[in-house]
Every structure is written in structure tokens, then in C-alpha cells.
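Work out the full structure, taking the sequences as your base and the hints as a guide.
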Amino acid sequence: MCFRFALSLAICSFLSPLSVAEEIPGWGVLVDPVGNCPVDFTKTGISLEVPAGIHDMNPYLHQTNAPRIWQEVTGDFLFEACMLDFPRPQSKTGVNGHQSYIASGLLVWQDDGNLLRWTRSASGEAKQIYLSCEQYENNAIVGGGNFPLEDKPVSLRVERRGDRIRMWATYDTTGWKMLLDRRCDYQRTLKVGVFGLNVTEKDVEFRFENAYLLAQKAKEESN
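The numbering used here puts the first residue of the sequence shown at 288, with every later residue one more than the last.
To be clear, the hints were calculated from the coordinates, so they are not data collected in a lab.
All residues carry an ideal CB built from backbone N, CA and C; glycine is no exception.
Among the hints, erroneous ones may be present.
[What the hints assert, rightly or not] Okay, the calculated beta carbon distance ranges per label pair:
| # | residue 1 | residue 2 | range |
| --- | --- | --- | --- |
| 1 | Asp472 | Asp372 | 15 to 23 Å |
| 2 | Asn323 | Asp363 | 30 to 38 Å |
| 3 | Thr361 | Glu437 | 34 to 42 Å |
| 4 | Lys464 | Asp399 | 27 to 35 Å |
| 5 | Leu501 | Ala427 | 17 to 25 Å |
| 6 | Gln474 | Thr331 | 18 to 26 Å |
| 7 | Glu492 | Gln415 | 14 to 22 Å |
| 8 | Glu412 | Glu310 | 31 to 39 Å |
[To be verified] Quick list of in silico lysine to aspartate or glutamate cross-link-like pairs, DMTMM-like style, CA-CA up to 20 Å:
| # | residue 1 | residue 2 |
| --- | --- | --- |
| 9 | Lys464 | Glu367 |
| 10 | Lys489 | Asp327 |
| 11 | Lys478 | Glu446 |
Structural data, given as C-alpha cells:
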């Protein structure tokens, strides 16, 4: 059974755009630029419905309107969550010239042109489900990579230490494996959380569990 998160009070919901940031207890703030991506609470986590159309996270294409649920962090941090499985899209179902592609994962965000995404991805044309990392700076992709993935839930982790950012994955949370170690020149204060991406002609439901954030506490100035 799911419990719908009330994005706005029913009495005035028709006056309040869904793109307004809303708090998701235990997960952070929902930002839904398109305004049509509801969040449900499940017994073990949350689900995020992403309708057909363009809900992308690609600074190169100047499309960063995918819904995300994030928290603000400063300095070093570690964030992880479990991405539950979802069906691979059929080929030739992409919209507006896009490939048939959907993804859910972790997002590290500075602004629309500077971000990193670490995802459980699915391609209709390639007939594959895989892990994917894309790192953007000033709207250009500067690095990343794709990795084989079994068609089952996977836990993802992103960790920032100084000027390095590391991506990890595991199926059972006991055997974390670091797959990428990248230089990170982003500013100290960022947003980090989960997001869902859909650029196909079919609605998609993404499910997330076990969000965990370990962040560096801000140092108090001493007199």
C-alpha cells in the first residue's frame, strides 16, 4: 500500500505549481520543474512517477528538468541509496529525437551546467541495463563511464573527499565496489540526492530505498 505525498493542500492545490520545492521526510526536498511527477511513500521507501515526455538531466542539451529529491551539503560527504529494478524501455519509443532511455540514480548538483549523475540506466535500442556515470562542467561532459549490471536492484554511492569524487555500487550493501574516482572542481556547497529520468513515450515509476547521507558538519568560527 502506498501513501501519496501531498504536494500541496487540497484546498489550494490548483493555485500552487508542483515545481515549488516540497519536503519529503527522510529524503530531502522534491524539485519538479515540469510539475507532473508525484512522489509516493511505500512500505520500504519512496516511488517517483515520471510521465512520458522530456524529463532529462543533460546540461549539454540544456535539458535539466528531471525531478529530483535532494539535500544541501557542504564539504566532504557520502550519499547512498538503493535503486529498485524497472523494465527496460522498448526501442524506438524515445520522444523528440531522443533514444529510448530511462534511468534512476544519484545526482550531485552545483547548477544547471555543473553536475554529476550516477545511475541505473536502461536503453531500448541497446537492449541493455547498465550503470552509467556522466560528469558535466560548464555544460560539457568531462568524464564518466558505463559498467555492466545485472537486471536487479542495486545500491549506489557517491563520495566526495577534497577534490575527488568516487562512485560505488553493490547488490547487497556488504560488498561495495568503487568503479570510478574522478577529479571534482565543484564548489563546496552542493545538492545531493536521487532523481528519475525519462525521455520516452511511456510513463515510468522509479522506486528508491535506504537513503543515507553522511555529511561534514560546518565548522563553527571560534572567537
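Which numbered conditions among the earlier hints are violated in the structure presented, ordered from lowest to highest?
1, 5 and 6
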